[in-house]
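Number of protein chains: 2
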Amino acid sequence: MNHPGHWIGVILFVFAIFLILISISNFGLVKRLLIGRPMRTAELRSHHTKLLWFIALPILSADLYSSVAYGPEAGITELAHLGSDAKWYIIPITISTIVLLVILILSYIMGILAYPNGGGAYAIAKDNFRARWVSLVASSSLLIDYILTVAVSVSAGIEAVSSAYPVVAPYETILSIICVFLLLVVNLRGVAESAKIFAWPTIGFAVCMMIVIISGLYDGFRHGFVQQATPPFGTIPKGISTLLVLKAFSSACSALTGIETISNAVPVFREPHQKNAIKAYIALGVITSITLMGFAYLLYVKGISPSPNNTMLSQLASLYFGHSILYQIIIWFTFIVLILAANSTFTGFSQLAAIVAADGYLPRVLTNRGDRLGYSNGIIALAAFASILILAFHAHTNALIPLYAIGVFLSFTVAQIGLTRRWFNVKGPKWQVKLAINITGAVITAIVAIIFAVTKFTGGAWIVLVVLPVIIFLSITIRRHYDDVARELRINLSEEFPEIREVTTIVLVSGIHRVVNNTLSFAKSLGGNPIAVYVGFDDESIRKMEHKWEEWGYPCRLVVLKSKYRSVIDPLSRFIKVVEEKKGKQGHIHLIIPQFIPKRGWQNLLHNQTALQLRIWFFRHKDVVITSVPYHLKK
Amino acid sequence: MNHPGHWIGVILFVFAIFLILISISNFGLVKRLLIGRPMRTAELRSHHTKLLWFIALPILSADLYSSVAYGPEAGITELAHLGSDAKWYIIPITISTIVLLVILILSYIMGILAYPNGGGAYAIAKDNFRARWVSLVASSSLLIDYILTVAVSVSAGIEAVSSAYPVVAPYETILSIICVFLLLVVNLRGVAESAKIFAWPTIGFAVCMMIVIISGLYDGFRHGFVQQATPPFGTIPKGISTLLVLKAFSSACSALTGIETISNAVPVFREPHQKNAIKAYIALGVITSITLMGFAYLLYVKGISPSPNNTMLSQLASLYFGHSILYQIIIWFTFIVLILAANSTFTGFSQLAAIVAADGYLPRVLTNRGDRLGYSNGIIALAAFASILILAFHAHTNALIPLYAIGVFLSFTVAQIGLTRRWFNVKGPKWQVKLAINITGAVITAIVAIIFAVTKFTGGAWIVLVVLPVIIFLSITIRRHYDDVARELRINLSEEFPEIREVTTIVLVSGIHRVVNNTLSFAKSLGGNPIAVYVGFDDESIRKMEHKWEEWGYPCRLVVLKSKYRSVIDPLSRFIKVVEEKKGKQGHIHLIIPQFIPKRGWQNLLHNQTALQLRIWFFRHKDVVITSVPYHLKK
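Residue numbers (this note's numbering), protein chains in the order written: chain A, 1 to 635; chain B, 1 to 635.
There may be inaccurate statements among the hints.
[As the list claims (entries may be wrong)] Cβ pair distances, simulated, as ranges: (1) Q586(B) / E495(A): 39 to 49 Å; (2) E495(A) / S494(B): 28 to 38 Å; (3) E551(B) / N425(A): 34 to 44 Å; (4) Y218(A) / G239(B): 53 to 63 Å; (5) N604(A) / V467(B): 18 to 28 Å; (6) L561(B) / E495(A): 23 to 33 Å.
Hints were generated in silico from the structure; no laboratory data involved.
Note that CB positions come from ideal geometry on N, CA and C, so glycine has one too.
Chain A with its partners taken away, still in its complex shape (with noise of 0.2 Å):
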């Protein structure tokens, strides 16, 4: 009974069921609670209150920022086996990442020169290809990407937490799922509006990791920075290879995640927006920079192991505050920046899939604004999706990087190459210099792809390069049908026009009852001559039912069917069929149902849904309008 496994099926069904619960509109009472009251569409424009850059870009750099609290880890977890000897590696493969870091960070000032009010890769892709599947990849992999996002800062999150309390452990999946149902809640309810509020997380984990890196430089400069637990440096440890440096190295950057964010929000930033969005980039940079190579080295001078149980992170501070409070501020905001990573994704997911839906590239329903004015649909869909990942890979985050970065780098790639199109087609000032930083991002997140592609192929990374292919064939499905549609739909208003037919209506009767008389009594009132059809299981109850009829004083003609196969479809579906032809396919046929209304849902259960099962059937096989005439029930 306290193996955790079993209650995933448990939870899987209750979150299932919630989802259910929320979307079904009449469950007001607890929407209400949990999501709060509706907002009105003018409300949406006094969202983007403008903001000082140095207030956005702690903001918009969550992702990112949060992302040192794995990246190192990540890289370096690969060359665990090779033992001591290989430790040192996280010098360089930091170094690398930084160098990476800061073209990326240049791509993507190229980026905001280019598309001031804000683009992401899909934007740019679609400006600057004609082939709609170039644009398809970047939102697909992008989308792909949120959820992994989701999946990865969650479970990283809790992974920080349960490094310093052991206890929780092997509750890690349970926490993540919970986590992901509250930031669904809350997202639900509408971020936007205390956007402000989530400037302090990361500012307060960006000072814990100052902390931490000053204290280790402090503790260098007093007990020398080559220490006992120092490995040796630049040594060949055995069985390394090109390939184990370059998965140890793709793995590191799954720190670069979440870079586009500040290029996809220039509009949020105060007037000049471009200007200060840059301002924002240097500086995320260059914070991003010193925190990774600080952080990095002191992993490297105090020897530190990756552990399954205890985050890199946890164990350098707790060699220099043991479990103090310190200590535990650091874990705490850690696990709450990463969260905010998550948090601030399902706003990126939601807008994306809106938008590739507004293209017809993607069902419909995304692009519905709920309640509070959030897209609704597509933050249901990422929690479901990352709740998924979380469960099938436990919330290991080591696990799931693989699948995580290949995405990023993939978009990445289609932006750069899409802004090398635009400043080869629009030229404007200094556009060879654009033009050379962009095709340097390109060609080197290309590689960085590939080279992710590669490594981490059977590590995970090819349920990706699957998955991708078949969404993008889907998009174009999609689109296909709402272009259908839309054509088949068309009118030409002066051709046709609501032609009066004949109604030939038929009246479903299950006995002789008060949801059958009000039934009987909105059909005779409709006018014409309703056909009462009643469908007996054997002859006495047929016998039966033509008395009481009779008795009852003949209200309409009554037709009765015998079922053999005790349905009531079968019988009643014939019966149609011989109307029809006696009618020819002119006529409308009218099939009315009584609706049995309980007082209490769950009495529903104790009532057969015939005419639930009448509906869907009659819609799928024939062309019958049909009518449900509701009774409510008293008690």
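We have chain A already, so just place chain B on it with the hints.
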């Protein structure tokens, strides 16, 4: 990736989806393939071909006889921690079990004499107690028990297989679920037609058990019965207590579940029913006693200890036959007979559920016969509950047994007390003897039930003791609801008659296209003056709609509503409120909604299900007749 745990969620999902699919009746082809052609109600009678008693015996005894495979093991497992000194307890415990078996068989023979047409505990209780909760105790505990039988038998069957092939051990849960799923399909097809086939596995298993026992006796005659491995007899081990012995005894009694099957099925026997059924009972008692005693004796002689990875039967068989073909045959017959025991439960559960539902204590859907004449909803419910149990307990038989036997003995007790009351009231020939037997039976089974409840309380029996009253309470609530509804719907034929009232017809239009054209054609064909209602989210779209409506030639009156909160329901329900107030509550309000039917099912995902949401909301909150006019897309 290779931990089996995360598949649980996936399987649960697939299973749930499958259940939904087969319950939707238009899922025609797959249903035909899996379930077979539908059968006429008239085919029901021809099923009960009467059986000779020695053929009926193995068919009806799979449930009881198969439990010898795990009963003694379940008993001795309770004492395993006391070491070798406690092993001899298997002998007195098995003897007690056999004594109980004899008492129960005698009691059930009395049951047959009282109810020659077969009557389970529920029928007996209903017939002899006025208080309806007594019969509900019997039915509910039996229903719980049937669910547990499926879970326990399937788990035990898979454990037998994994004893022989340890490679499947990590997949026990999944394989058990697959077995339940196959049983579900088989039972939805209907099993009664091929019932005779089911005699052979039980016979085969009995022969296997006899081969094991005879080999053991032969071995004993050649090498002496008391061997090196034989533990001391009669020593009092350290740590033994009365409670522990009772606990072991009650676990061993799980071998007696399924004893009621023959008494429920008296009409299946050739004439004279009763005499043949009694013969079968006596034969069953003799064979089961011999098997239990022989098996337990050999287990003692060979000093076999329970092991989580290797059943005791498998250990014993491999001592005599190694891993030869004979051993494999024994294992596979054990598996087959246990699966068969689970299979026979499907009929028992669904029939009992149907009888109780017909009395109004369970949802009425359980009385519906499916296409193949089985009570398909009961069959599906059983499979679903059993799967959940297997998942929750990771297919560990010994964890499930505490929950198992309490229900059986509770229903035994109710049946015995019922029979006791009957002999008092009805009397008849030799009633005092029958009375004495049933009183003894009632006292003994009550004692065993209490021993179970006490000794296994913390081990899981509390679950049953909590669930049981809940089910009984629900049953009574359900019956009350049905009674209320029947009272509310009853009509006085001479006083009430369908009256003609005014109908206000409202057509919801989302623009001007073919679907709307078709809907308006129907609305106008009904006669009267329909009102078209358009809900716009902004002024622009409303202005445009009004203009186009004019251009179209104003097919009927148009009302435009603006929705500030992007909801169609809110403005529409406010509009309907206005209409209601104008017309008074006397007339019918008739809302016509266009319904878009894509050619393929998956395409439904691409269209907003506004019609469905409107129906759910309006049926819940307003007294509005709702008509859906389908428009079938061609592509």
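Verification of the supplied hints:
{"no.": "1", "hint": "Q586(B) / E495(A): 39 to 49 Å", "result": "holds (41 Å)"}
{"no.": "2", "hint": "E495(A) / S494(B): 28 to 38 Å", "result": "violated (55 Å)"}
{"no.": "3", "hint": "E551(B) / N425(A): 34 to 44 Å", "result": "holds (41 Å)"}
{"no.": "4", "hint": "Y218(A) / G239(B): 53 to 63 Å", "result": "holds (60 Å)"}
{"no.": "5", "hint": "N604(A) / V467(B): 18 to 28 Å", "result": "holds (23 Å)"}
{"no.": "6", "hint": "L561(B) / E495(A): 23 to 33 Å", "result": "holds (29 Å)"}
Hint 2 alone, counting from the list given before, is not met by this structure.
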